[in-house]
Structures are given as C-alpha cells and as structure tokens.
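Student: As you go down the protein sequences, you meet chains C, E and R in turn.
Going by the working numbering, the letters in the first sequence line up with residues 1 to 359, in that order.
Going by the working numbering, the letters in the second sequence line up with residues 1 to 340, in that order.
Going by the working numbering, the letters in the third sequence line up with residues 1 to 333, in that order.
Be a bit skeptical, because a hint or two may be false.
Per label pair, the in silico range of CB-to-CB distance [to be verified]:
| # | chain 1 | residue 1 | chain 2 | residue 2 | range |
| --- | --- | --- | --- | --- | --- |
| 1 | R | R228 | C | L269 | 35 to 43 Å |
| 2 | E | G332 | C | R86 | 43 to 51 Å |
| 3 | R | L322 | E | V35 | 53 to 61 Å |
| 4 | E | K285 | C | G320 | 51 to 59 Å |
| 5 | R | T240 | C | L269 | 48 to 56 Å |
| 6 | R | Q324 | C | L91 | 47 to 55 Å |
| 7 | R | S227 | C | V264 | 35 to 43 Å |
| 8 | R | L30 | C | G320 | 54 to 62 Å |
| 9 | E | D51 | C | F338 | 31 to 39 Å |
| 10 | E | T257 | C | G320 | 33 to 41 Å |
| 11 | C | L223 | R | R228 | 48 to 56 Å |
| 12 | R | L303 | E | K285 | 41 to 49 Å |
| 13 | R | G159 | C | N55 | 40 to 48 Å |
| 14 | E | N235 | C | G320 | 43 to 51 Å |
Just so you know, the hints here were simulated from the structure itself, not pulled from any lab data.
C-beta: ideal position from N, C-alpha, C; glycine also.
So you can see what is in the structure, the chains are spelled out below.
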Amino acid sequence: MTLAKSENLVPWLRKNLLKTPLDWIITAIIVGLCLWILPGLWNWLVWDATFVGMNRSDCTGEGACWPFVWSRMGQFMVGFYPEHERWRLALLPLWPLFFVLGALLFRGSWPRRFGVLTGGVLGFPLFGWVILKGGRWGLAAVDTAEWGGLLLTLFISLCGIFWSLPLGIILALGRRSKKPFVNKVSVAFIELWRGVPLVTILFFSSVMIPLFLPKEMDVDKLLRAVIGVTLFASAYMAEVVRAGLNGVARGQYEAAYSLGLGWVRTMMLVVLPQALKMSIPGIVNTFIGLFKDTSLVLVIGMFDLMGMIQAASTDSQWLGCTYEGYFFAGVVYWVFCFSMSQTSLRLEARLQRNHAASM
Amino acid sequence: MPHSFFCFLVISLIFLATHGIAAPNTLEVVKKRGVLHCGVSQGLAGFSAPDSKNSWSGIDVDLCRAVAVAVLGDGTKVKYRPLSAKERFTALQTGEIDLLSRNTSWTLVRDASLGLDFPAVLYYDGQGFMVSKKAGVKAVTELAGATICTQTGTTTELNIADFFRAKNMKYKLVVFEKNDEVVAAYEAGRCDVLSADQSGLYASRTKLKQPADHMVLSEVISKEPLGPAVRHGDNQWADIVRWTLFALLEAEELGLTSQNIDGELKTSKNPGVRRFLGAEGEVGKDLGLRPDWALSIVKQVGSYGEVFERNLGEATPLKIARGMNALWNKGGLHYPMPVR
Amino acid sequence: MSQSQPHIRRPRKVSWVSIWLQVLLLAIILAGFYVGGQNALENLQRQSIASGFGFWDRTAGFGITQHLIPYGESSTYGDAFWVALLNTLLVAILGIIGGSVGGVLIGLAAFSQNLLVRLLGRVYIEVIRNIPLLLQLFFWYFGVLRSLPSPRESYSLGGVIYLNIRGLSIPTYSFRGGGWSVPQLEGFNFTGGLVILPELVALVLTLSLYSAAFIGEIIRGGILAVSRGQWEAALALGLTRFQTLRLVVIPQARSVILPPLTSQYLNTTKNTSLAAAIAYPDLVLIFAGTVLMQTGQAVEVMLLTMAVYLGLSLLIALSLWLLQKRWATHDLG
Chain C
1 MTLAKSENLV PWLRKNLLKT PLDWIITAII VGLCLWILPG LWNWLVWDAT FVGMNRSDCT
61 GEGACWPFVW SRMGQFMVGF YPEHERWRLA LLPLWPLFFV LGALLFRGSW PRRFGVLTGG
121 VLGFPLFGWV ILKGGRWGLA AVDTAEWGGL LLTLFISLCG IFWSLPLGII LALGRRSKKP
181 FVNKVSVAFI ELWRGVPLVT ILFFSSVMIP LFLPKEMDVD KLLRAVIGVT LFASAYMAEV
241 VRAGLNGVAR GQYEAAYSLG LGWVRTMMLV VLPQALKMSI PGIVNTFIGL FKDTSLVLVI
301 GMFDLMGMIQ AASTDSQWLG CTYEGYFFAG VVYWVFCFSM SQTSLRLEAR LQRNHAASM
Chain E
1 MPHSFFCFLV ISLIFLATHG IAAPNTLEVV KKRGVLHCGV SQGLAGFSAP DSKNSWSGID
61 VDLCRAVAVA VLGDGTKVKY RPLSAKERFT ALQTGEIDLL SRNTSWTLVR DASLGLDFPA
121 VLYYDGQGFM VSKKAGVKAV TELAGATICT QTGTTTELNI ADFFRAKNMK YKLVVFEKND
181 EVVAAYEAGR CDVLSADQSG LYASRTKLKQ PADHMVLSEV ISKEPLGPAV RHGDNQWADI
241 VRWTLFALLE AEELGLTSQN IDGELKTSKN PGVRRFLGAE GEVGKDLGLR PDWALSIVKQ
301 VGSYGEVFER NLGEATPLKI ARGMNALWNK GGLHYPMPVR
Chain R
1 MSQSQPHIRR PRKVSWVSIW LQVLLLAIIL AGFYVGGQNA LENLQRQSIA SGFGFWDRTA
61 GFGITQHLIP YGESSTYGDA FWVALLNTLL VAILGIIGGS VGGVLIGLAA FSQNLLVRLL
121 GRVYIEVIRN IPLLLQLFFW YFGVLRSLPS PRESYSLGGV IYLNIRGLSI PTYSFRGGGW
181 SVPQLEGFNF TGGLVILPEL VALVLTLSLY SAAFIGEIIR GGILAVSRGQ WEAALALGLT
241 RFQTLRLVVI PQARSVILPP LTSQYLNTTK NTSLAAAIAY PDLVLIFAGT VLMQTGQAVE
301 VMLLTMAVYL GLSLLIALSL WLLQKRWATH DLG
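Bound-form chain C, shown alone:
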C-alpha cells in the first residue's frame, strides 16, 4: 500500500483507486467531497480565525473566535474550583505513584500485589475526593458545586470505572452462580440497569434518591450522581467480566480444585486473574462509553466539560461562540477516547499473541 517509488505510481493508483469504472466514480466523488469540505474547514479553523483578543468584538474575521476558548480555559478544565486551591490537583498523581511502588515492592507475591493494586484502584477516587473536597488535613473545604469542567468529567468517570469493576465482578459471579436466588437477583439487577437510559438514572439519583432516604440525611449531589453512574456501569461491567469468565478453560477450575483450593481461592488466584486479563479490552471500551456518557450530567445541572462550555457560550461578552466551544469539547473528548481505544487495541493484540504463545 505504501508508495515506495514514483515509477510505481500508476499501477498503484490503478490497483487501489481506479480498478473498475465504479471505482473511478467513487474515487471522484470522495475526492470532490474532500475538496469541498476541507478548505472550508481549514478556513474556519485557521485561515480566517482570530487567535488573539479580549472579547467577541475583537473577532472580526469570518472564522472561529479562539480567544473565547483561551479566556475560559481554566473553567473548562476545573470549573469554578477556587484558583488559590488548584495546586491540590498536583497532589492527585501521588496516589497512583505510591501504589505502583507498592506493587513493585511485592513483586512475585501475587495475592499481596493483587491486594495492593485493588486497594490502590478502589482508594484512588476516595483519595481524590478527600483532596479535592478538603475540610480535613488542614485543607479548606471546597463545595462540590464548584467542581466542574474536565475535572468533573474525569472524576465521575474514574469513580464509575474503578468502583464498577468490583461490583461488576460480584454481579458476574452471581450471574454464573448455581444458587437460584443469587442468580436471579444478579440477572434482574444487570438487566434492570442495562434497560434504562442513563438520563433517567441521573435524574432519579439527583432528584429522587433523597425522597427514599430519611429526612436529615444529606448525601452530596455529586456523590449521588457518582453512585448512579457506578451502578449503571457495573451492569455493563458484569457482562464484560462474564464474557471473560466464560473464556477461562474448565480445566483451570478442575486443576485448582484438585490442588485442594476452595471456591474463593480458586476464583481469586486462578480464575479471576485470567478472566480479567481477557476482559481488559472490554473494560476499556466500557470506560470509553462511560467517559462519553458523563456529558449527560449537564442535564441535571452539573457543569462538566460540556456544561461548562454551554454556560460559557451564553456569556454576553462572547455571544455566538457556541461552535468554537463545541469544537474544543469534541477535540478533548476525541483525544481521550481515541487514545484509550488505541491502547485497548494494542493490549488486545498483545493478549492474543500471549494466548497463542501459551497454547
């Protein structure tokens, strides 16, 4: 496919673009489309765009008004998080660092390493919560209503993914269980959550959960949304993990049982590590879906990246900059999701290779 030498150009074209008359037509249409769309896009994005300015009236060109995005960049990233408290964000990477070190320390001892990693993964959102929310360890309290932008998007989706994994494993095991009641409950739970739209779940969690709680119990609105998202994601995760569990050969169970391992240890030491490894691509895909879906929290009045951009575009100084905002949001989401999906593809390929090698 690559064009090695110029003298191969004609046969290359003939083979790849112009094989049949139909191909001639299709190629012409696509080239025409590109010639029609791309210059306009380029002009709007770059050529006619304004890059420096203080407000809307500085954007005189026909193209995009980028100063809008620059001037609100801080808010797009962290919302209304107080400026003098933003240094706390730098503390967040400490947690994974700490636990990667821990995992390295316990090299060779799988159960302990597993324990450390689990603790690290589950604890990360908690750590983030404490650091960002403050109110202890000498940190000033920052109300969750002030969180926003990409920070909020990441917080909700990370909480969702990290906590839905253990829940999903439990549900998947429950669905495979031979105990009839455990099995039915798991199936019902999974299908129930997978059957309703996230919007209704978010509305339910944000507005109606307090109705089902005793009166003076005040659960933070963000926390309620996170719980809703987590339960929603756990149903999807359960199906991903179940597929992984189905992929573990029966001989593995039999070997583990014959070694005298009980159910718990068979699962923890033999089956789950293999099943989870196989589920990694599915887990990443679920995460991508979740990451995109967090944009729905704007429906319940939270200002995530999308919500923040929408709110900013109604600022009277920047009227009519909606498309610039949406374009920026699209690029950010795309970069995150695309890099994750590429990672997942690479992992999948590696797993397949390993699998093939071990056979």
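Since chain C is already given, all that's left is putting chains E and R on it; use the hints.
Tutor: Same frame as chain C, but now just chains E and R:
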C-alpha cells in the same frame, strides 16, 4: 463474597432507616448547618445569574441573602443550587434546598398538591411575547399560526394553550429544558415568538446578538405572581420567609435604605421604625429570630426599592419600570403587612 | 462445573449454607425496598404531596407539536403519555433502520478494493465513535437549523413540498375526505399537509450516524470472523465477490453479529432519551418533563418512564433472541 457485600448493604440501610424518623424544622436545620441552601435558576439575568466567577446576583438571589441574614446574621452564608424548572419542586420536596427562590409562579395546584407553600409575592409579572421587529407584529392577537419557543416545566405552556384556544387561533409550541436553549433556538429562527414571563423576556433579550431588533409586546396573557416557595407544613419557616420579604418592602415604605439605616436607628422617633429595627418591642423574637433581624437585612441587602433598582431597574441592561411592582401607596401592588 | 467433578473436594454442608445465604439476601433486598418505600411514603405524606396515578385521566391542557394519534389541549395526561411514547418509538425505529443501513455500508467499506473508501470508512468510525452523542446532537441540531431558510424563503419542490427552518412540509392524502392537503404559506408558517420537524430530522440523523459507526465495526468483526479459507474457496468455485458475501460469508457471520447488534439496538433505543435536549417531544421531554412538572408526582412518573424503557429493551432483546433461535434451527436443518 457477594453475601458480605449485601450484608453490608442491608446493615447500612437498616442503620439509615432507624437513624432519623422525626422531622426537624427547617429553621433548626439551617441554624445547625450554618448555611442556607437556596434553589435558584440556572441563569436568568436580573433574577438569579452567576457571573464568570460563579458569584450569584439578582432579585431572587437577594431574597436568599435576606433570609440568610435573618436566620444566620450573614448574607454570604448561602449555597446556591441552580435548578432547572423541572427539578425545582422535587428539590424542595426532598429537602435538598430550604428555600426555592426561582421566579416561581404561585398557583392553586402548586400550593395545594405539590407540597409547597408560597409565603408572599416578590415580583408581580405576567406572561408576554417577544418578536422580531421585522415580523411587524403589534398585538398578541396577530400571532395566529405562529411557532412559539418556550421553556418546559412552567405555567407558560398552559397559559399559551388556554389563550390560543380561547381566541381560536392555531399555534405550534417548541419546548426546551433550558432557557439558554430557548434563546438559542429563537435566535436561530426556529420560532417566530419567544414566550415567557415579561421580566424573563427582557432578560433574554440582553442575550441576543442584536437586542434592538427585537421587541417585547406590551400585552400580557396571564397573571404571574413570582415569589419564594417553601415546604408545606413548616409554618415557622414560612413565616420567616414571608416576613423577611415584608421587611424588604416595609423598609422601603418607611424610607429606610442600607445607606441611612444607621442614622435612622440613632435618631428616629417614629415608633414604627423603632419597632422595625428592634429598638422597641420584640417582633424578632416572635419569629424565632434575633431582635435586629430587620436591621441586618436592610444593612446587608437593602430595601426592596434598592434591590429592584440594582437588579432590574433603569440602570441595568433590563431597564424594567416599577409598574405593578411599586408600593401600594405609589400605585403598585406591593402591600407589606403591618409589622407589629 | 459442580456436576462435572464429583470426586473433587466440595464441602457437603454447602447446600444449607447456600440456602441460608440466599434467605439472607432475600431478606436484605426486601428490607431495602421496605425501608426505602416507607421513607418515601413518609416524606410524601408529611408534605401532603399527592400520590398514585389519579392524574392519569385529568386534562393535561398543554399542546404537543408532533402527535401520531389525535391529541389536543383537552386531552388527558394519559393521552400525552401515549403520544410521547409513540414519538419515542418513531425515533427509535427510524434510528435503528438508519443506523443499520449506514452500518452495513460502513462495515462493507472496510473490505472495499478502493483505498479511499477504506480510509474514509476508518476515519468515519474513529471520529464518530469517540465523541459524545450529546455533542453530536447539538452540532447537527443547530447546524441543521442554521443552514435552513425562514418560511418566506423556503426551498420549494414543484410548489407542493417546502423545506424551511420550521421543517419539511409535504402534502398528505386524506382517505376519509378523499382529497389532497397541500401545504400553503399562511401568515407565519405553512398550514395544511404534514410537517416533519427539524428536531425529528436532527435526532434521527444523529442517532443513525452514531450507531452506524458502531454497527459498521460489528459487521466488520463478523465478516472477519469468517475464516479466509471460506472466501478463497468460494471465489475459487467461481462465485463473484457479492455472491460469496451473500451466500457464504453472511450466513456464517450473522450469528457472530447478532449479539453485539442487539445491544447496539438497545443503546439506540435508550439514546432516544437525549431528544429532550433539542425539544423533540419524546417520553422524557413530555412525560418525564412537562407531565412530571404539572402534576408534581415525580416518583410515579419517573418509575413509569423507566419501566417503559426497560420494557422496550426487553422487547427488542426478546425479538432478536427469537430471530437467533430461528436462524440456529434453520442452519441445522
């Protein structure tokens, strides 16, 4: 494994259930918390809107501040919860907010069946229409066949249906969840007419690219008494909100402002003023508040006149005249009950 | 697995422990429901909020722009529910059809001989899949709106079909009256005929484009799952590429394709709930929006809404499962 999880779940649920049965009153809750949770709009200039630093202003916001002053003595101790029209009543019912101050119309159904109480009216309004000047429409009756954009979850939808049905005119309604989306759709030309409370129309007009090209028709098709709402059944809290609002009005009637109030407190011989400011009698105590509650309200928030001019008046982009919202003795409808 | 290894260490007492645990689980779930329900009742009663479905037969008193069944301001909340449900179903069905057609094209594009087609298919999938649906919806809705003219400057096709920012007006034939109703500009808008709302167009377009990317990947995966030898054998037998695809590859690929396709259809159905963001009168906007607001009965309305979506999901899952079963028996016979 699953069992221990479920076990944890049930124990925590039982714990929650046994935890609180008695319904404490809102005043105690707010005092204990030290912060007033106030439900406001998601952004309606003049009523409640955040600036780019997320600090809120508007007439609804000033009422929140006044209640916080009355109860906690500090107008900054308010946490604003921006709510969509759809969320607002549920948020109040579930206790997520203590006070709903979100340009909400007082109607019979809301008062009687939604578990709400409306202590008083903050702003007398009516539903109106905004059209492009190019359309050449002068009166509401010329709107037959028009496409109308409005926000869902409001009385607006019902009023339009009633009005057009009574006049036997056809119309098409396009409803959005957020006011910003309504304005965007109107601006894009999706509808001929934007309908909302008149005050809201003036506010929305400032968000258009060419405000001068659009006009708000003078006629209104409904009565919209906008005011705060509280949970039904907590009379003490309703009283506090009602009299906080009356205090703003009473201050204007007595000629008190945030500027002159310290002087008046020292010099005034008027028993009405002295009672109002807590120098005589114990009206504050009867409400469960401090004796200087009204004094602090006027000091920190101002009188109704000041609040109106600051947020809606001629000096603001909205440029709304007092009209119905003048005091009763100046030809308006605001009539604070006697403070005694 | 328990049956397959009777000789392996399995504690005998497990049966009654398991029963106990299940009883405990049942108790916990019942207790959870009981406590939650009790709290809700108490909270509602204390604030004297009405409960139950008494509102169902009351007059709704608001208009809905698009109704597939007769609806007017004097209709009831119950009628509004059915109108909204049908609107949701309409979008779901159109979105599924559009997504499937687009998905097949995108999926087959991956196997085209033409490099540009392959490239375009890949770029399309990678762009669409990695951007939130809500963002795409806003883009298309306001994009569609901006590009359309006002009613007075409508695009017209032969003086009977008009396209403008208020929608696409087409003539309708009434069987009862036995005559054509042709759209005409009257005052602000066109009257007569049928108007297809721009919200509907934007929503169906977005849902179709979005799910086409996913369905395309599913179809590509399904075709790849059929081993290369099958292709080569068929081609060697003298079948054309198209025949090979239709007679050899698709029958084998469809059993691989169906399960992920089912969940994609479910997703499309659930994603119709985003309609509320662009003023399309679906179940969420009308029922879980306006009706919820006017009646104030959030619990009943939300639970019913969620139940409807759940029912739709189960229905789709069931019908595709039946299809799969039929294929399975068909293939065997």
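Student: Indicate, hint by hint, whether the structure satisfies it.
Tutor: Comparing the hints with the structure gives:
| no. | hint | verdict |
| --- | --- | --- |
| 1 | R:R228 to C:L269: 35 to 43 Å | holds, 39 Å |
| 2 | E:G332 to C:R86: 43 to 51 Å | holds, 47 Å |
| 3 | R:L322 to E:V35: 53 to 61 Å | holds, 57 Å |
| 4 | E:K285 to C:G320: 51 to 59 Å | holds, 55 Å |
| 5 | R:T240 to C:L269: 48 to 56 Å | holds, 54 Å |
| 6 | R:Q324 to C:L91: 47 to 55 Å | holds, 51 Å |
| 7 | R:S227 to C:V264: 35 to 43 Å | holds, 40 Å |
| 8 | R:L30 to C:G320: 54 to 62 Å | holds, 56 Å |
| 9 | E:D51 to C:F338: 31 to 39 Å | holds, 35 Å |
| 10 | E:T257 to C:G320: 33 to 41 Å | holds, 40 Å |
| 11 | C:L223 to R:R228: 48 to 56 Å | holds, 52 Å |
| 12 | R:L303 to E:K285: 41 to 49 Å | holds, 46 Å |
| 13 | R:G159 to C:N55: 40 to 48 Å | holds, 46 Å |
| 14 | E:N235 to C:G320: 43 to 51 Å | holds, 49 Å |
Checked against the numbered hints listed earlier, the structure breaks none of them; every hint is satisfied.
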